[in-house]
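**Student:** Quick note, the sequences are listed as chains A and B, same order. Here my numbering is used: the first residue of the first sequence is 1, the next is one more, and so on. Here my numbering is used: the first residue of the second sequence is 1, the next is one more, and so on.
Just so you know, these hints were derived from the structure itself, not from any lab. Treat the hints loosely; a few may be bogus.
Claimed, not checked - Pairs of lysine-lysine residues, derived as DSS-like cross-links and limited to a Cα-Cα distance of at most 27 Å, are as follows: (1) B/Lys-155 with A/Lys-69; (2) B/Lys-155 with A/Lys-72; (3) A/Lys-40 with A/Lys-69; (4) A/Lys-72 with A/Lys-34; (5) A/Lys-40 with A/Lys-89; (6) B/Lys-155 with B/Lys-108.
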Amino acid sequence: MTNVKIPLLLVAVLVVAACGEKRNKTVDRGIDAKHLSQLKAGIWVDPNGCDHWIIDDGAEGYLSQRLDKFGKPVCSGVAPPNTAVGPFKKGSTVPDPI
Amino acid sequence: MTGRLSKSIRSTLSGIAAVALAVAVAITGTAPVMAQQTATTGRDYTPTIWVDPDGCEHWVMDDGWEGYMTPNVNRQGIPVCRRGNVCGVMNSDQLFATDSARIGPKGKARLANFFRQANALSYIIVGHTDSRASDQYNMDLSLRRANSVARVAVKNGARIADVRGYGERMPRAPNSTAAGMQQNRRVEIICIR
């Protein structure tokens with residue numbers, strides 16, 4: 001039984017690996033496929049109290065600085081440091097318990 | 001012996017200096033071209049653009065399992081935005097006397113009204129001047145004026161994220177005409193929602 005399962009698992013791993021290098025980096029493939037411009041962001045407040053856009057898109061996570069028009073960090077006070085607010089887990093139907 | 005040794009060291013050192021100079025000239029002279037050439041030898045990682053709720057662009061890539069994102073800023077570090085969130089530009093002439101950072105009762109009432117209606121989460125207050133007087137003087141004056149506006153904001157229950165003065169360094173119009181200078185004498189209010 002186990003002797004059959006191990007090669008099967010190996011084949012499965014190889015099949016996934018054979019997908020190879022993803023050519024188009026501008027789309028999210030698979031279960032919740034979409035163009036990346038559709039992402040839904042929340043705000044993560046860093047330990048200095050400044051804002052970052054945070055997006056949890058199922059398998060991928062994105063984080064990018066929130067800047068004002070002069071290129072300085074935006075520290076809005078929307079939430080205490082080391083916390084996140086907003087709909088940043090809403091963009092994907094892939095369950096993400098953590 | 002020591003003479004010959006020091007001479008050979010000297011000639012080696014001057015040789016190194018000449019090479020360093022040649023390298024420096026090569027780097028400073030053709031830096032952008034070199035950057036383009038090296039990029040063609042890398043693996044293709046063409047990003048797409050995600051626009052944040054403020055209207056500013058970010059480079060974004062999905063590499064299969066991983067995702068990457070970073071703000072799209074120009075070479076001067078200024079973000080590329082499709083719209084701004086400047087929600088108020090106060091004409092300095094209407095708030096302050098020349099060279100003063102004091103706001104009269106009329107100006108205070110106008111600002112109070114503005115902050116009550118803007119209803120933002122917090123505000124960034126940025127002062128600017130025209131190009132008359134010295135740069136240092138204008139940096140100081142614009143900051144004092146921005147602080148005066150921020151004090152009125154706080155009195156009216158607004159939260160201030162930052163107060164800055166850019167003096168004459170971020171003009172909105174050319175300082176060659178009186179009308180241009182008047183446009184440059186301003187206090188910008190950025191609303192963070």
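**Student:** Taking the hints in turn, state whether each one holds.
**Tutor:** Results for each hint:
| no. | hint | in the structure |
| --- | --- | --- |
| 1 | B/Lys-155 with A/Lys-69 | 26 Å, holds |
| 2 | B/Lys-155 with A/Lys-72 | 25 Å, holds |
| 3 | A/Lys-40 with A/Lys-69 | 21 Å, holds |
| 4 | A/Lys-72 with A/Lys-34 | 31 Å, violated |
| 5 | A/Lys-40 with A/Lys-89 | 8 Å, holds |
| 6 | B/Lys-155 with B/Lys-108 | 10 Å, holds |
The structure shown violates just one earlier hint, number 4.
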